[in-house]
Amino acid sequence: MIFREEYLEHEQHPTHPERRERLSYTIDRLEEEGIPHVVEGVEMEGADPADREVVELVHDPDYVELVRRLSEGGGGSLDPDTYVSPGTYEIALLAVGGAVKAVEEVVKGRYETAFALVRPPGHHASVSKGAGFCYFNNVAVAAEYAIKVLGLSSVAILDWDAHHGDGTQDVFYHRDDVLYVSIHQDGRTLYPGTGFPDEVGMGPGEGYTVNVPLPPASGDRAYSEAFDVIVRPVVEEFEPDLILVSAGQDCHFSDPLTALAVTAEGYGKMMEKTVELASETGARGPVAVLEGGYSIELGLPYTNLAVIAALAGIPTTVEEPVDPPEENPEGVRTVRKVARYHARYWEGVRRRSS
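All you need for the numbering used here is the position in the sequence shown, starting with 1, plus 801.
By construction, these hints were calculated from the structure, which means they are not laboratory data. Think of the CB as a built atom: it goes at the ideal place given N, C-alpha and C, for glycine as much as any other residue. Check before you lean on any hint, since a few could be wrong.
[Claimed, not checked] Distance windows between CB atoms, simulated: (1) 861 <-> 1151: 36 to 46 angstroms; (2) 1029 <-> 989: 20 to 30 angstroms; (3) 1138 <-> 838: 45 to 55 angstroms; (4) 877 <-> 1148: 45 to 55 angstroms; (5) 875 <-> 1114: 44 to 54 angstroms.
Given these sequences and hints, build the entire structure.
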């Protein structure tokens, strides 16, 4: 695990959904379970801020300079929900540094898997724009670092945040060495309003963007179906050197900003399947990086616990404080419809959806 106390210092305003308690409550929950100090198999380390040149592997230098100037000048808005506060620039560099270190440790063989418990999140940040609580795209920079610096040939990014990762999609939309697969709430019902099945990439990247939008109240069964029918066969066929996970935990049924119905147990099973997929394909990882998740007391500490336990191979039963709602059966049917769309690019999906 990657974590530093400085991640708690970023603040837009006290009632903003993306606030320090997202991490502090998770740390408290992990410590109650003896992670990392009692349970074997998990170690926690810090990280250094990413060098500016590393951030600029993805981001336009003028945009990076804008964030720096706003931060050092006392603050300013990138959009109505994304405010640069004093210190934001340094902590955003630290978040990128956490994602990059997690990748480096796994690629170099020191650890089998990793979880970067960082903030601010990143997947809405594109090359020259911050949005949706995001400043620098932690996962996109980590993927580019794996290819450009560590010498990997290909990276698969699985994004299961409830909000479509429009920034990550934008960064790699014309690339065939980075596969981007996103399972998210239908953009007709949630910010940022993107991520439809026909957004598949362009030029050399056509087919390497795989969007799976789900209707509200989709839950564990729909996500399991999406993994088995779409994610698994696509990643198996792609054969990446590394699997990265944009681990947005706001699909949880208690999240105040979204309308999905995934449980902590469902999250844990998704990560278990991702660990198995990495092993089966020979990919390094998975390396997970925290994105969203705003149910600070009822959701995020439990989903993070389930995901981290799955990454570490620790058998864990996560008892949630409230019961989940009924799942929308339309979610599974939607997965099957979307699979038929992506079958034109991926033989494994074609076999499973026929």
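Tested hints:
no.: 1; hint: 861 <-> 1151: 36 to 46 angstroms; verdict: holds, 38 angstroms
no.: 2; hint: 1029 <-> 989: 20 to 30 angstroms; verdict: holds, 25 angstroms
no.: 3; hint: 1138 <-> 838: 45 to 55 angstroms; verdict: holds, 47 angstroms
no.: 4; hint: 877 <-> 1148: 45 to 55 angstroms; verdict: holds, 49 angstroms
no.: 5; hint: 875 <-> 1114: 44 to 54 angstroms; verdict: holds, 46 angstroms
Comparing the model with each earlier hint shows no violations; every hint is respected.
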